Amino acid sequence: MSEERLDQALEAMKNEPVPTGEMAAAQERVLRKLMGQVPSLCMEFQADLAAYLKGELAENRRALMDDHLGRCAECRRMYAEAKGERKVVVLPAVAVRKPRPVWQRWALAASIGLVALYTGRDRIDSLMAPSGPRATLERASGQVYGLTDTAMGAGATLSEGQIVRTGAGSHAVLRLADGSAVEMNERSQLFVHAAWSGATVQLERGDVIVQAAKQRRGHLKVRTRDSEASVKGTVFAVSTGMNGSVVAVVEGAVEVNQPHFNQTLKPGEIAGSTSALSGVTAQEAVAWSAEKQKYFALLAEFSKLEKQIAELPTPAMRTQAKLVAYLPSNVVAFGAAPNISGTLEEAVRLAEQRAEQNATFGEWWKSANGEKVREMLGKVQAVMPLLGEEIGFVLAQGPGGEQDRVAFVIAEVNPGQQAAVRKALAPMVEGVNFGVNEKVVVITDNQTHLLWAMGQLGQGATSAFAAEVTQHYQRGVGWMLGLNAASFQMSSTQKASVLTGGVPLKTLFFEQRSSDGSEENEATLNFAGARAGIAAWLAPAGASGASEYITSDALMAFSGSTKEPSQMFTEITNLMGSMDDKFKTHLDEAQAKLGIDIGKDLASALGTDFAVAIENASLPIPGWIAAAEVYKPGTLDGTIAKLVDAHNAELPAEYQSRKLVMGQQTIEGRLWMTIKAAGAPMTLYWTYDRGYVVMSTDLGVAQRALKTRDGGFALTRSAKFVQYMPASAGVHPSGFLWLNMKGALDGLNSVVSNEALKTITQDRDPILVVVSGETERIRVSSRTRLTSLILDGMLAGTAADASSNKINRNIKKNAASN
990 MSEERLDQAL EAMKNEPVPT GEMAAAQERV LRKLMGQVPS LCMEFQADLA
1040 AYLKGELAEN RRALMDDHLG RCAECRRMYA EAKGERKVVV LPAVAVRKPR
1090 PVWQRWALAA SIGLVALYTG RDRIDSLMAP SGPRATLERA SGQVYGLTDT
1140 AMGAGATLSE GQIVRTGAGS HAVLRLADGS AVEMNERSQL FVHAAWSGAT
1190 VQLERGDVIV QAAKQRRGHL KVRTRDSEAS VKGTVFAVST GMNGSVVAVV
1240 EGAVEVNQPH FNQTLKPGEI AGSTSALSGV TAQEAVAWSA EKQKYFALLA
1290 EFSKLEKQIA ELPTPAMRTQ AKLVAYLPSN VVAFGAAPNI SGTLEEAVRL
1340 AEQRAEQNAT FGEWWKSANG EKVREMLGKV QAVMPLLGEE IGFVLAQGPG
1390 GEQDRVAFVI AEVNPGQQAA VRKALAPMVE GVNFGVNEKV VVITDNQTHL
1440 LWAMGQLGQG ATSAFAAEVT QHYQRGVGWM LGLNAASFQM SSTQKASVLT
1490 GGVPLKTLFF EQRSSDGSEE NEATLNFAGA RAGIAAWLAP AGASGASEYI
1540 TSDALMAFSG STKEPSQMFT EITNLMGSMD DKFKTHLDEA QAKLGIDIGK
1590 DLASALGTDF AVAIENASLP IPGWIAAAEV YKPGTLDGTI AKLVDAHNAE
1640 LPAEYQSRKL VMGQQTIEGR LWMTIKAAGA PMTLYWTYDR GYVVMSTDLG
1690 VAQRALKTRD GGFALTRSAK FVQYMPASAG VHPSGFLWLN MKGALDGLNS
1740 VVSNEALKTI TQDRDPILVV VSGETERIRV SSRTRLTSLI LDGMLAGTAA
1790 DASSNKINRN IKKNAASN
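Residues 990 to 1807, numbered by my numbering, are exactly what the sequence shown covers, in order.
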């Protein structure tokens, strides 16, 4: 057939009409195919597939099966599956769906994009990091290596993730790409990871001190296996080792994230990731640094500047409680400080002058941290002249109940300066809220608290707490902080009840005022009745004889008067018995084992007056002296003898070298009792003098104490002691604490040669804190400046660490030579 005739035949077939019945049957067959329905004929053949595979079908039935399998794709598929051949998967029919609206497609795309951005944010952050080396080895002392034991010298660069480590006795300083300096201690290992949000120093082991440059964006982080420290610009130390990690702050503030700890640390504060690190100090964290001399020198300059600022004229004491008229109801705390705008301006001038005279202080003053201080002082100076003579701080119970505390700053506004105050505060208090009316300005943390505070002004002006605050102004006020103890519900706790004997603490006041041209600080605990419990152990004011054994050269001295020791012991046993049913049983067992009755044999033998002092800084044991009033010397000696016998009786045979020997000696006509361990060079000496027992492990120190009481130069009669005695102490205070910082640091300098410390000790003043007990209050006072107390504490810590380190080095050196 020609192609032309074939085309004509096909065209005729296509145009041929199809009966309706046949069309419906064809449609039904197609539908069954699409819906997956199995025809009845197929079902018959599929039932015989198993027999077909086993060859059990009759010949005629097998021929029919062969023919059907040649025609039916579905049965062939089932036959293949039955034989174990690859399964042919029939795709399900796909329903026709309506097209999504355009907005749904865009929303779906945006959601997918956001998820992708979030899950890959760290990767994106890293990809956007600046190019180039992550750090440069600026200085190296000793051996500094990479991971492959390749030695690295000054000028070597670190790439992303490249490890650097220091050997034993080696140190290194890295300069990060952002300008931050990282000082590495010996046996330390780290690498640097850069990102758009800031660099991360991964400290794998050892110690670093970081001087963080000001971050243009993000934070500089130091990570260990269990800690993360995050900063924008400051000086801090991080150590990590077997017991965990430590973060210590030298300057500025550091955000620390550790297990069970997430907080911002301030200068001098430290955080350890485990309880085993609770005893580590901030000074110990930086004691290894090659820059420690610089830190000492900077402390010395701060000390000198502090003394210069302290000598500036201070604002006159205020005798009118002007801000009390604005107190809200339910005040928890109220603080007041003078407006020191004039003093602040002069302090900045002095700091600028010190920066020009001293390179170390000048470097800090011009650093990022110094810039922050100058910026902050500039903002404060802009607003202070517009305000009244006093700046107040108020903490009150807010509208949300007991747990809602509202804190705000309040000050009177000088007449006509309301607009100027608003303009000056706008850039200064970013992130907080302030309100100004015709009389005062109020600054607080959010708008809700601001509205509440402005509406509450004056509602608590007639409260009992406000009346007590006003009473303190009658003596004149410089700086003051008053706490309404009743609002803290302190007396409801068991610990508070133990301390106060059920008589609650009413208020607690801290004050600073000028007296006779000098600064005086005072803390007053006011009770709701006569003192009881442990708070009553401090005796009322009375003359002290024990302090007359302390010489004027004493480095440290503590003297006090108490209730009768026998009464205190009875109160202790009753208290402990109420807390532990088995305490008295255990006490009786211990007393039987020792062969004494603590209350009758020991407590009843002692009086109420005692003193302890360190006279010199000799090592390994300082020269100390103790004096205590004694009612029954014979009973005390007998009790000590029983304690010695009990100790010796408990010693195992292999520790007989630790046996104590009690004896007596007559030296220069005076009888001295002694206790000495059999194999130890040290001896404890004591004697009785005018109703007091005097004891020491240094016989010369004890003899000098006796001569001082006989007419020598006692501490309490020295010019320095009298000069620093607070005016509020009265004739006979209940006790005192004396610390001769210059003498103590001089003693340490005899052990540790440090020029910076020597410079500091030339200007340090002594510290005298006096305690006085009254019927319903305890008063603690001192003429030592608070800023001086803080600096003295820092100096004592750094000096003690320096001396300890040198002593340890000497011990190791001697042990090695032996």
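The set of hints was computed from the structure by calculation and includes no laboratory data.
All of these numbers come straight from a predicted model, not from anything done at the bench.
A portion of the hints provided could be inaccurate.
Simulated pairs of lysine-lysine, DSS-like, Cα-Cα distance not exceeding 27 angstroms [what the hints assert, rightly or not]:
| hint | residue 1 | residue 2 |
| --- | --- | --- |
| 1 | K1571 | K1631 |
| 2 | K1631 | K1665 |
| 3 | K1221 | K1368 |
| 4 | K1621 | K1552 |
| 5 | K1621 | K1665 |
| 6 | K1495 | K1582 |
| 7 | K1428 | K1412 |
| 8 | K1665 | K1582 |
| 9 | K1361 | K1255 |
| 10 | K1665 | K1648 |
| 11 | K1571 | K1589 |
| 12 | K1361 | K1311 |
| 13 | K1648 | K1631 |
| 14 | K1696 | K1709 |
| 15 | K1368 | K1311 |
| 16 | K1412 | K1255 |
| 17 | K1582 | K1621 |
| 18 | K1368 | K1428 |
| 19 | K1355 | K1221 |
| 20 | K1072 | K1221 |
| 21 | K1203 | K1355 |
| 22 | K1361 | K1428 |
| 23 | K1368 | K1203 |
| 24 | K1043 | K1072 |
| 25 | K1368 | K1355 |
| 26 | K1573 | K1621 |
| 27 | K1573 | K1589 |
| 28 | K1203 | K1311 |
| 29 | K1709 | K1665 |
| 30 | K1589 | K1665 |
| 31 | K1203 | K1221 |
| 32 | K1495 | K1573 |
| 33 | K1648 | K1582 |
| 34 | K1621 | K1571 |
| 35 | K1573 | K1552 |
| 36 | K1552 | K1631 |
| 37 | K1203 | K1043 |
| 38 | K1255 | K1368 |
| 39 | K1631 | K1621 |
| 40 | K1428 | K1495 |
Verification of the hints:
1. K1571 with K1631: Judged against 27 angstroms, a Cα distance of about 25 angstroms means the pair holds.
2. K1631 with K1665: Holds: K1631 and K1665 sit about 15 angstroms apart, inside 27 angstroms.
3. K1221 with K1368: The hint holds at about 21 angstroms.
4. K1621 with K1552: holds (17 angstroms)
5. K1621 with K1665: At roughly 23 angstroms apart (the allowed maximum being 27 angstroms), K1665 and K1621 satisfy the hint.
6. K1495 with K1582: violated (44 angstroms)
7. K1428 with K1412: holds (16 angstroms)
8. K1665 with K1582: Holds, at about 22 angstroms.
9. K1361 with K1255: With Cα atoms ~15 angstroms apart, K1361 and K1255 stay inside 27 angstroms; holds.
10. K1665 with K1648: Roughly 8 angstroms between the alpha carbons, so the hint for K1665 and K1648 holds.
11. K1571 with K1589: With Cα atoms ~21 angstroms apart, K1571 and K1589 stay inside 27 angstroms; holds.
12. K1361 with K1311: Outside the cut-off at roughly 33 angstroms; violated.
13. K1648 with K1631: holds (14 angstroms)
14. K1696 with K1709: holds (20 angstroms)
15. K1368 with K1311: Distance of about 25 angstroms is within 27 angstroms: holds.
16. K1412 with K1255: Given that 27 angstroms is the threshold and the Cα spacing comes to 31 angstroms, the pair is violated.
17. K1582 with K1621: holds (23 angstroms)
18. K1368 with K1428: Satisfied, since the Cα-Cα distance of roughly 22 angstroms is no more than 27 angstroms.
19. K1355 with K1221: holds (17 angstroms)
20. K1072 with K1221: At roughly 73 angstroms apart (the allowed maximum being 27 angstroms), K1221 and K1072 break the hint.
21. K1203 with K1355: This hinted pair holds, its Cα atoms lying about 13 angstroms apart.
22. K1361 with K1428: Roughly 31 angstroms separates the two Cα atoms, so the pair is violated.
23. K1368 with K1203: holds (20 angstroms)
24. K1043 with K1072: Since the Cα atoms of K1043 and K1072 sit roughly 11 angstroms apart, the hinted pair holds (cutoff 27 angstroms).
25. K1368 with K1355: holds (18 angstroms)
26. K1573 with K1621: Holds, because 26 angstroms separates the two Cα atoms, which is no more than 27 angstroms.
27. K1573 with K1589: holds (16 angstroms)
28. K1203 with K1311: violated (42 angstroms)
29. K1709 with K1665: Outside the cut-off at roughly 37 angstroms; violated.
30. K1589 with K1665: holds (26 angstroms)
31. K1203 with K1221: Cα-Cα ~6 angstroms, so holds.
32. K1495 with K1573: Violated, because 33 angstroms separates the two Cα atoms, which is more than 27 angstroms.
33. K1648 with K1582: holds (17 angstroms)
34. K1621 with K1571: violated (31 angstroms)
35. K1573 with K1552: holds (22 angstroms)
36. K1552 with K1631: Given pair K1552, K1631 holds - Cα atoms ~26 angstroms apart, limit 27 angstroms.
37. K1203 with K1043: violated (86 angstroms)
38. K1255 with K1368: Given pair K1255, K1368 holds - Cα atoms ~22 angstroms apart, limit 27 angstroms.
39. K1631 with K1621: This hinted pair holds, its Cα atoms lying about 16 angstroms apart.
40. K1428 with K1495: Distance of about 31 angstroms is beyond 27 angstroms: violated.
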